[in-house]
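Chains as they are written, first to last, in full-length UniProt numbering: chain A, 1 to 451; chain B, 1 to 451.
One thing to keep in mind: the hints can contain errors.
One copy or two, it doesn't matter: identical chains are merged, so the pair holds either way.
[Unchecked claim] In silico DSSO-like cross-links for lysine-lysine, where the CA-CA straight-line distance does not exceed 27 Å:
1) Lys174 <-> Lys401
2) Lys174 <-> Lys279
3) Lys256 <-> Lys174
Since the hints were derived computationally from the structure, they do not count as laboratory data. Since this is a predicted model, take the numbers as computed values, not measurements.
Protein chains: 2
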Amino acid sequence: MTDRRLHLNAFLMPIGHHEAAWRLPESDPNANLDIQHYISLARTAERGRFDSVFLADSPVLFANPERRPSGKLEPTIILTAIATATERIGLIGTASTTYNEPYNLARRFASLDFVSGGRAGWNIVTTAGDDAARNFGLDGVPAHKSRYARAAEFVEVSTKLWDSWEDDAIVADKEAAIHADSAKVHTFEHEGEFFSVAGPLNVPRSPQGYPLLVQAGSSENGKDFAALYAEAIFTAQPTFEEGKAFYDDVKDRVGKVGRDPRQVLILPGIVPVIGDTEKEARELDAELARLISPEYARRQLAERFGLRPEQLPLDEPLPENLPSEDEIEGAKSRYTLIVQLARRENLTVRQLIERLGGGRGHRTFAGTAEQVADTIEHWFHSGAADGFNIMPAVLPSGLEKFVDGVVPILQERGLFRTEYTEATLRGHYGLPRPENQFTVGRAFVGLATQP
Amino acid sequence: MTDRRLHLNAFLMPIGHHEAAWRLPESDPNANLDIQHYISLARTAERGRFDSVFLADSPVLFANPERRPSGKLEPTIILTAIATATERIGLIGTASTTYNEPYNLARRFASLDFVSGGRAGWNIVTTAGDDAARNFGLDGVPAHKSRYARAAEFVEVSTKLWDSWEDDAIVADKEAAIHADSAKVHTFEHEGEFFSVAGPLNVPRSPQGYPLLVQAGSSENGKDFAALYAEAIFTAQPTFEEGKAFYDDVKDRVGKVGRDPRQVLILPGIVPVIGDTEKEARELDAELARLISPEYARRQLAERFGLRPEQLPLDEPLPENLPSEDEIEGAKSRYTLIVQLARRENLTVRQLIERLGGGRGHRTFAGTAEQVADTIEHWFHSGAADGFNIMPAVLPSGLEKFVDGVVPILQERGLFRTEYTEATLRGHYGLPRPENQFTVGRAFVGLATQP
Ligand SMILES: Cc1cc2nc3c(=O)[nH]c(=O)nc-3n(C[C@H](O)[C@H](O)[C@H](O)COP(=O)(O)O)c2cc1C
Ligand SMILES: Cc1cc2nc3c(=O)[nH]c(=O)nc-3n(C[C@H](O)[C@H](O)[C@H](O)COP(=O)(O)O)c2cc1C
Numbered sequence: 001m002t003d004r005r006l007h008l009n010a011f012l013m014p015i016g017h018h019e020a021a022w023r024l025p026e027s028d029p030n031a032n033l034d035i036q037h038y039i040s041l042a043r044t045a046e047r048g049r050f051d052s053v054f055l056a057d058s059p060v061l062f063a064n065p066e067r068r069p070s071g072k073l074e075p076t077i078i079l080t081a082i083a084t085a086t087e088r089i090g091l092i093g094t095a096s097t098t099y100n101e102p103y104n105l106a107r108r109f110a111s112l113d114f115v116s117g118g119r120a121g122w123n124i125v126t127t128a129g130d131d132a133a134r135n136f137g138l139d140g141v142p143a144h145k146s147r148y149a150r151a152a153e154f155v156e157v158s159t160k161l162w163d164s165w166e167d168d169a170i171v172a173d174k175e176a177a178i179h180a181d182s183a184k185v186h187t188f189e190h191e192g193e194f195f196s197v198a199g200p201l202n203v204p205r206s207p208q209g210y211p212l213l214v215q216a217g218s219s220e221n222g223k224d225f226a227a228l229y230a231e232a233i234f235t236a237q238p239t240f241e242e243g244k245a246f247y248d249d250v251k252d253r254v255g256k257v258g259r260d261p262r263q264v265l266i267l268p269g270i271v272p273v274i275g276d277t278e279k280e281a282r283e284l285d286a287e288l289a290r291l292i293s294p295e296y297a298r299r300q301l302a303e304r305f306g307l308r309p310e311q312l313p314l315d316e317p318l319p320e321n322l323p324s325e326d327e328i329e330g331a332k333s334r335y336t337l338i339v340q341l342a343r344r345e346n347l348t349v350r351q352l353i354e355r356l357g358g359g360r361g362h363r364t365f366a367g368t369a370e371q372v373a374d375t376i377e378h379w380f381h382s383g384a385a386d387g388f389n390i391m392p393a394v395l396p397s398g399l400e401k402f403v404d405g406v407v408p409i410l411q412e413r414g415l416f417r418t419e420y421t422e423a424t425l426r427g428h429y430g431l432p433r434p435e436n437q438f439t440v441g442r443a444f445v446g447l448a449t450q451p
Numbered sequence: 001m002t003d004r005r006l007h008l009n010a011f012l013m014p015i016g017h018h019e020a021a022w023r024l025p026e027s028d029p030n031a032n033l034d035i036q037h038y039i040s041l042a043r044t045a046e047r048g049r050f051d052s053v054f055l056a057d058s059p060v061l062f063a064n065p066e067r068r069p070s071g072k073l074e075p076t077i078i079l080t081a082i083a084t085a086t087e088r089i090g091l092i093g094t095a096s097t098t099y100n101e102p103y104n105l106a107r108r109f110a111s112l113d114f115v116s117g118g119r120a121g122w123n124i125v126t127t128a129g130d131d132a133a134r135n136f137g138l139d140g141v142p143a144h145k146s147r148y149a150r151a152a153e154f155v156e157v158s159t160k161l162w163d164s165w166e167d168d169a170i171v172a173d174k175e176a177a178i179h180a181d182s183a184k185v186h187t188f189e190h191e192g193e194f195f196s197v198a199g200p201l202n203v204p205r206s207p208q209g210y211p212l213l214v215q216a217g218s219s220e221n222g223k224d225f226a227a228l229y230a231e232a233i234f235t236a237q238p239t240f241e242e243g244k245a246f247y248d249d250v251k252d253r254v255g256k257v258g259r260d261p262r263q264v265l266i267l268p269g270i271v272p273v274i275g276d277t278e279k280e281a282r283e284l285d286a287e288l289a290r291l292i293s294p295e296y297a298r299r300q301l302a303e304r305f306g307l308r309p310e311q312l313p314l315d316e317p318l319p320e321n322l323p324s325e326d327e328i329e330g331a332k333s334r335y336t337l338i339v340q341l342a343r344r345e346n347l348t349v350r351q352l353i354e355r356l357g358g359g360r361g362h363r364t365f366a367g368t369a370e371q372v373a374d375t376i377e378h379w380f381h382s383g384a385a386d387g388f389n390i391m392p393a394v395l396p397s398g399l400e401k402f403v404d405g406v407v408p409i410l411q412e413r414g415l416f417r418t419e420y421t422e423a424t425l426r427g428h429y430g431l432p433r434p435e436n437q438f439t440v441g442r443a444f445v446g447l448a449t450q451p
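Chain A extracted, bound-state conformation (with noise of 0.2 Å):
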């Protein structure tokens, strides 16, 4: 266990994860559309020796426009430009795949990775919500059972795209006449049950082989999915015990379909509040629950249940007879994982809702870099994680807080580098490149083994 190395990935949410960050009188209320903001952040993960930086996407426009900043500019948009202001760090992109062409999809994020030499993750999202699905002509959304079918095909003909061109396929023979072995670039003719696909992509393979798998879903069906392709997952666990069992549960199910569960880096996500007192950290804490609206959160809520506002008075529980998780066909695990929080520590609608506008259900945490430290290290090596998401309540302080308080903290115990040692995301993840399926004769490893 000595060699095991702990990974931080930077989530940002533009101005903060804190849904009133844009309030407080240091933010500037329209970073979210300034790309200089997001290069200046990555500068800080990067500064901060993070393995990645990671940016949340759905095809939509999320919440009410009226309560927070909620224009998102596109995920591979920001992180192109990323990739040419940095040097090493790792550029993780939400993408969904109930609402894209593998081809297309796939193709940007092997643009991306030779953009950014090879520094490019897919965090695979199936999409919840009926708003989504309206954009894209349809009704509502497709059934959450569908969508993982979906999805898992999805990054099947995905790596299909990505290995279409076998490593040495170019030659680039000029006497010859010859730029590629044209028997190394494969049309394979993909028909399944959602998509057919000929290929090959008109991209020759990335310097990854693929961009790094990433899965942010942690329902059943999420769950399976992540054991046949995620090489990291995202996850929201509010205390070490459910922390531990997920992480568990999860290994034991990606051993189960026959992969090394020391590949599949389980990262759960952090709010830290950090103060250079505990005191400090709390005041900061406070001060944020303050400038949430309840009205606004609220509604969001009771969208989620699939409840009028008025069914949920602020100080009072959660109803009783709240749907089952089977009975949602959205966000399920986070669905269970709120109702779970608000029952547990007994909350009133307004406590739930000042939970949640801090992390959504994410493990918050107000205090000194050292206790923020202290966790982190906990989680770390009672088998809990194998890395942490890091999400600021409210940038860019928070991540410089971070970097500069808790990173070194970090690197004096060994838990973290102190430089990088590899060039690509992959390398610094502790992952293989893939090897291509059309040389080897058998497909990515997640999928060779798909019942």
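Start from chain A and add chain B with the ligands according to the hints.
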């Protein structure tokens, strides 16, 4: 006419427009995958005060990868990287209306417009060819007319998405906890033949309102589409007479639908092969012709005609009984141009291949910088062009020769800017920022006049 200004766009075919350019000793045969190569080309064009750079595209591996570098990074990714490394030059990328969804594409161009500070342009194409269709679940390419009908609805939906946030929707009032005025953020619920899209876009209105709308198909359907929607038109015109006729025809169509013909700029392509002397230029041209592989080129030509390669003997003229344009469902206008060129000049297949190898039907011109400037001035002053699409046969050298040789002559003659005077792509082309249809209560002029 004195303040009429010439416009220049640099069409960046990675290693040059001549299909054998990669075989020259000076060429890097893998520059098509090297983002620094594109950045350096764009900086050269910016040094020459070009209005814009342009990238062609289609979502398929075109041509035989054996024959020439055929890998293509995705244009909005390349243009984003260029945006971060340049200040003023416009960035025009091609994207297909047949193989994209409006929500995703409109968002990507809006994002590029933000990242570049108002320099994005979209070359709207319908994508010919069965091979592309087979990457998107279809057996063959949809009919030409139907592709253009989808393109029209695609643009209409896109303008609704780009307008879905009014320009003053964002108030960012921290005190009142109001980020945007939600009465100015519009759900529009478009329901049409091809798309149903609810909106709003998840990106506020971008610096230019819309990206510059560019079009590049010259069939009857293509010209009608351009008259309604295009603000700039790329076109292949091999002779002055054809160029003049096209120019008059399109401006006439623009006027007929009630738009101002001065606000639709026509940019024919020119492939300049520039030498210090005419002799040197002709020698480079001949060297390039010698490097073409006629077998590969013939295969591609045969495909365009729906024939087998053996049906096109290299040293005979084209067969008599070729299909008419009506029977072609692919790229109609380019097909007709090629057949007419061969017939008019009585070319054998081998000679035709040499002619097309350079410019694929665009006007090629081997000569001195002075001679190139003369041609440009002639077309511009005789009302056959509002500017030119500069398509260097070899890159980067061909663009450098143009910028260092031709541009100063055009500037001396008072035809071309010596400094940028505007910050946006629309500004460079002298085109207005479109009004917002939800603010003014009527659609984009092209859409408003749709029959
Ligand atoms: C850190 C983290 C980031 C996530 N980012 C996204 C995202 O960007 N887009 C998205 O649609 N879902 C995202 N999700 C997943 C959703 O929260 C939700 O879990 C998912 O849509 C449905 O998965 P499930 O039903 O399997 O739980 C993320 C989850 C986590 C833990
Ligand atoms: C300068 C220029 C650039 C073009 N670029 C593209 C392109 O990138 N992708 C594409 O599918 N068609 C492109 N076209 C259009 C095709 O050549 C062809 O004309 C079009 O696919 C079909 O249009 P038509 O049938 O209306 O002639 C371009 C045309 C010109 C003149």
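Alpha-carbon proximity between lysine 174 and lysine 279, which holds within one copy, between copies, both or neither at 27 Å: between (69 Å within a copy, 25 Å between copies)
Identical-chain pair category, lysine 174 with lysine 401, by Cα at 27 Å: between (54 Å within a copy, 24 Å between copies)
Lysine 256 and lysine 174: within-copy, between-copy, both or neither at 27 Å Cα: neither (50 Å within a copy, 51 Å between copies)
Taken one by one, the earlier hints fail for this structure only at number 3.
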